[in-house]
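Enquirer: Chain residues, written in single-letter form:
There are 2 protein chains.
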Amino acid sequence: MMKEFFDPVGVAVVGASREPGKLGHEILRNIIDAGYKGGLYPINPKSPDVLGLKCYTSVKEIPSQVDLAVIVVPSRFVPSVIADCGVKGVKAAIIISGGFRETGEAGAQIEKQLMDNAKTAGVRIIGPNCQGVNSTTSGLCATWPLVKVKGPISVASQSGTVVAAIGCWAENDGIGVSKLVALGNKCDVDEIELLEYFGRDDETKVIGLYIEGTRDGRKFIETAKRITKQKPVVVLKGGRTEKGIVAAQSHTKSMAGLDRVFDAAFKRAGIIRASSIDEMYDACKALSALPLPAGANVLIITSSGGSGILATDACEELGLNVVDLPVNIGEDLKQKLPPECIIRNPLDLTGSATSQLYDSVLSTILPSDTVNSAIVIIGDPMPGITEVVEKHLGGGKPIIPVMLGGGKAEDEEFAKMASRKIAAYRSPSRGAQALASLFKYANVSRA
Amino acid sequence: MMKEFFDPVGVAVVGASREPGKLGHEILRNIIDAGYKGGLYPINPKSPDVLGLKCYTSVKEIPSQVDLAVIVVPSRFVPSVIADCGVKGVKAAIIISGGFRETGEAGAQIEKQLMDNAKTAGVRIIGPNCQGVNSTTSGLCATWPLVKVKGPISVASQSGTVVAAIGCWAENDGIGVSKLVALGNKCDVDEIELLEYFGRDDETKVIGLYIEGTRDGRKFIETAKRITKQKPVVVLKGGRTEKGIVAAQSHTKSMAGLDRVFDAAFKRAGIIRASSIDEMYDACKALSALPLPAGANVLIITSSGGSGILATDACEELGLNVVDLPVNIGEDLKQKLPPECIIRNPLDLTGSATSQLYDSVLSTILPSDTVNSAIVIIGDPMPGITEVVEKHLGGGKPIIPVMLGGGKAEDEEFAKMASRKIAAYRSPSRGAQALASLFKYANVSRA
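Order-wise, the sequence lines are chains A and B.
The numbering of the first sequence is the working numbering, which starts it at 2 and goes up by one.
The numbering of the second sequence is the working numbering, which starts it at 2 and goes up by one.
These aren't lab readings, by the way, just hints derived from the structure by calculation.
Misleading hints may appear alongside valid ones.
In this list, chains with the same sequence are indistinguishable; a pair is considered to hold if it fits within one copy or across any two.
Claimed, not checked - Here are the simulated lysine-lysine pairs, DSBU-like style, with alpha carbons at most 35 Å apart: (1) K206 to K409; (2) K409 to K38; (3) K149 to K337; (4) K335 to K268; (5) K113 to K422; (6) K55 to K113; (7) K232 to K4; (8) K409 to K149; (9) K47 to K232; (10) K409 to K23; (11) K392 to K4; (12) K409 to K226; (13) K392 to K220; (14) K226 to K55; (15) K422 to K335; (16) K335 to K23; (17) K23 to K392; (18) K55 to K337; (19) K226 to K335; (20) K409 to K47; (21) K220 to K409; (22) K422 to K149; (23) K61 to K206; (24) K61 to K392.
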């Protein structure tokens with residue numbers, strides 16, 4: 002029943018506009034630019050066409066099948082638009098317009114009426130008062146900004162901006178997204194139903210949620226508990242502090258409970274909790290691109306002594322174990338590496354580092370049972386390092402490349418890694434955090 | 002006496018090479034590309050010229066004044082090069098070559114000999130085994146990668162990569178740097194002397210240090226205590242955890258003590274402590290670009306409800322106060338803002354946000370004594386917002402713009418802010434962290 006939101010046969014944009022800058026224009030253009038292949042029908046009684054597409058005066062007039070309506074007209078018109086959708090057989094509506102419950106009693110009345118009409122008409126609703134939906138699979142970018150790169154991450158969010166930020170970052174990093182949903186007022190579809198749907202969805206490998214509260218805490222946790230057995234769920238919760246909770250209540254009228262109650266429940270449900278958008282994104286990226294480590298033991302290889310130490314601190318603080326190297330491996334490496342290399346963990350290749358040396362170290366240590374994962378820090382331009390990382394990722398253990406201090410050459414190498422869907426990071430602490438999220442989920446999936 | 006490192010009359014590059022990729026080539030090229038205006042003399046007995054510059058066989062042969070030698074020849078040659086420097090009257094040498102104390106007893110002997118020669122010859126040394134020095138003021142990029150944007154941040158670091166990363170980020174953000182120093186083995190000049198020098202240096206407004214330990218803890222803390230009264234000092238210390246400390250000992254033979262001892266001493270000295278390179282950079286950036294807040298009270302304005310809540314959580318957790326708005330200001334804003342705006346702190350302009358509305362809110366609230374600073378979150382493309390932020394920065398209170406979820410339009414606006422030296426951030430948590438560092442230093446400078 003949720004399929005019509007993400008892979009609809011025919012889409013109507015109600016309130017499509019000829020005027021650039023208006024939502025009704027930008028959203029229609031993003032759907033076109035994202036490459037949606039189905040029938041696309043702007044609804045605007047005052048224009049004959051918008052962006053080269055013939056306009057209709059109502060969804061009822063569209064001659065072909067329409068599964069989804071994307072609605073941007075003022076709130077007072079929305080209940081009747083929903084009724085029209087019912088007549089036409091439209092099964093799903095994304096209501097982007099604001100002016101509902103969030104604005105007070107009058108808006109709440111309109112929201113109630115629209116839900117009554119939706120129930121009668123059998124139309125499912127995402128929103129109202131939301132930033133829309135992006136389904137890269139079907140090229141349906143019914144939101145903004147335009148994000149097109151297909152990938153394994155799906156996110157549902159009570160904040161349109163949080164989900165937009167993650168979409169933008171995932172696009173820049175070449176990781177991409179599958180489905181992005183801004184929940185808005187959640188008058189019908191909520192995070193629990195989407196969690197359930199993303200759990201079943203084969204294209205979604207990692208689920209991200211930004212929530213400020215949930216209508217049914219028990220059901221949320223029970224659903225999450227079931228889903229996290231199959232795929233990772235990363236949750237960022239707004240409203241950790243007293244003032245944050247009050248602000249959340251203003252924002253989405255959420256029943257935001259005490260943070261430590263959420264924290265305990267999240268742990269029980271196997272949820273990976275993030276404390277910032279950056280951390281949420283970093284975790285989703287790692288979980289979508291990398292295998293899980295079989296244990297806490299991490300090998301750190303670096304060309305930068307300082308960065309290796311900072312990564313060691315971060316790993317140890319996050320519950321990872323920067324394990325001592327077995328004696329025989331140390332002896333072996335002494336034969337293979339230049340004398341200036343510091344053979345311990347973190348293993349410092351020093352300024353002598355080359356891709357061949359990284360390759361040599363990874364070949365020697367990574368197959369050992371002592372080590373479950375590697376952080377590979379590259380502090381200088383290092384031609385060929387992408388290929389080395391790619392090769393050793395084939396061994397089945399997670400490798401986190403961290404690149405910094407390399408100027409333009411680094412940017413180019415980072416883009417190269419992005420083009421090969423390698424999850425690379427820009428600082429030792431962020432790389433360590435990402436690895437820690439893999440380790441946390443490894444424990445969940447084994448439990 | 003340190004001036005010759007940063008603003009030398011004449012520079013010799015000992016070990017200059019014709020071969021791209023070699024350090025002796027890259028460093029000479031970076032000095033040329035950074036625009037150094039003084040005499041530049043490659044030393045290479047085997048080539049008549051390198052990169053269009055006439056070569057000499059020894060520094061002694063250079064016919065003009067040379068204050069600084071940048072040395073990249075193998076370690077065994079370095080003591081005699083230093084002796085030659087003494088003969089020529091060269092006052093400072095940056096020794097980039099490795100192969101000294103860090104490699105064992107034989108290297109330690111060479112290092113001792115080079116220091117003996119340096120003392121006899123009256124040559125000051127940065128390094129050996131270091132990534133060099135960048136002084137944007139004199140266009141002297143005797144390091145890599147090439148970083149040219151002039152700015153108010155100076156950094157000394159026991160890790161070349163840490164200082165290179167900060168240089169790259171500061172260049173990308175338009176903030177720029179003044180002096181970057183990779184300390185290496187610190188056989189002569191150390192972080193204490195540089196802290197002292199940066200403290201006196203008019204071009205340095207903010208000092209960043211990455212250290213793993215210090216030879217004279219008491220002197221370091223006493224020096225810092227004096228300097229932090231005049232300008233902020235941000236310190237990142239490698240070796241917080243037991244394993245990090247052991248790794249630091251391998252890296253720079255540092256006497257890294259217990260972390261909580263450092264932590265207490267840093268606090269006493271008024272040092273802003275960072276826990277990651279990102280945090281160190283974010284703090285330096287804010288401290289270099291923004292005025293200090295007179296108190297903890299912060300106003301959060303946002304177009305994104307969720308981001309406002311996340312910023313509220315982050316601020317409150319960091320000791321800032323997301324203060325309640327005075328009743329009269331609230332009443333005033335009710336007249337000025339559309340009804341859907343949520344008038345509280347965080348103040349949510351919702352999807353209706355425009356630059357004019359941000360301007361209106363900042364004009365109404367920022368002059369009030371209730372508020373000491375503002376975080377301005379922009380969750381959508383917002384034409385004109387740079388000008389609004391710039392205008393209100395004129396009021397003397399710090400304003401932290403945070404931009405996310407805006408796609409290409411956001412990147413353009415971010416670049417515009419960078420071109421005007423406005424310190425903008427890409428996530429609520431990083432913006433809040435940056436503001437917290439301003440607040441911490443405000444307390445230090447008032448103490």
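Enquirer: Hint by hint, note whether the structure agrees.
Expert: Going down the list of hints, with the structure as the test:
1. K206 to K409: Intra 32 Å, inter 27 Å, cutoff 35 Å: intra and inter.
2. K409 to K38: Cα proximity of K409 and K38: across copies only (24 Å, versus 38 Å in one copy).
3. K149 to K337: Neither: 45 Å inside a copy, 38 Å across copies.
4. K335 to K268: Neither: 43 Å inside a chain and 42 Å across chains, both beyond 35 Å.
5. K113 to K422: neither (45 Å within a copy, 49 Å between copies)
6. K55 to K113: within (32 Å within a copy, 83 Å between copies)
7. K232 to K4: within (20 Å within a copy, 59 Å between copies)
8. K409 to K149: Both, since 25 Å and 13 Å are each at most 35 Å.
9. K47 to K232: neither (47 Å within a copy, 62 Å between copies)
10. K409 to K23: Classified as between: cross-chain Cα gap 17 Å, same-chain 37 Å, threshold 35 Å.
11. K392 to K4: neither (37 Å within a copy, 48 Å between copies)
12. K409 to K226: neither (44 Å within a copy, 38 Å between copies)
13. K392 to K220: Result: close neither inside a copy nor across copies, 43 Å intra and 49 Å inter.
14. K226 to K55: Answer is neither: 47 Å inside a copy and 72 Å across each miss the 35 Å cutoff.
15. K422 to K335: Within. Shortest intra-copy distance 33 Å satisfies the 35 Å Cα cut-off; inter-copy 49 Å does not.
16. K335 to K23: Between copies only: 25 Å across chains, 65 Å inside a chain, cut-off 35 Å.
17. K23 to K392: between (48 Å within a copy, 27 Å between copies)
18. K55 to K337: neither (69 Å within a copy, 40 Å between copies)
19. K226 to K335: neither (47 Å within a copy, 44 Å between copies)
20. K409 to K47: Intra 51 Å, inter 31 Å, cutoff 35 Å: inter-copy only.
21. K220 to K409: Answer is neither: 49 Å inside a copy and 39 Å across each miss the 35 Å cutoff.
22. K422 to K149: For K422 and K149, both the intra-copy (15 Å) and inter-copy (32 Å) Cα distances are at most 35 Å.
23. K61 to K206: For K61 and K206, neither the intra-copy (37 Å) nor the inter-copy (66 Å) Cα distance is at most 35 Å.
24. K61 to K392: Cα proximity of K61 and K392: none, with 56 Å in one copy and 50 Å across.
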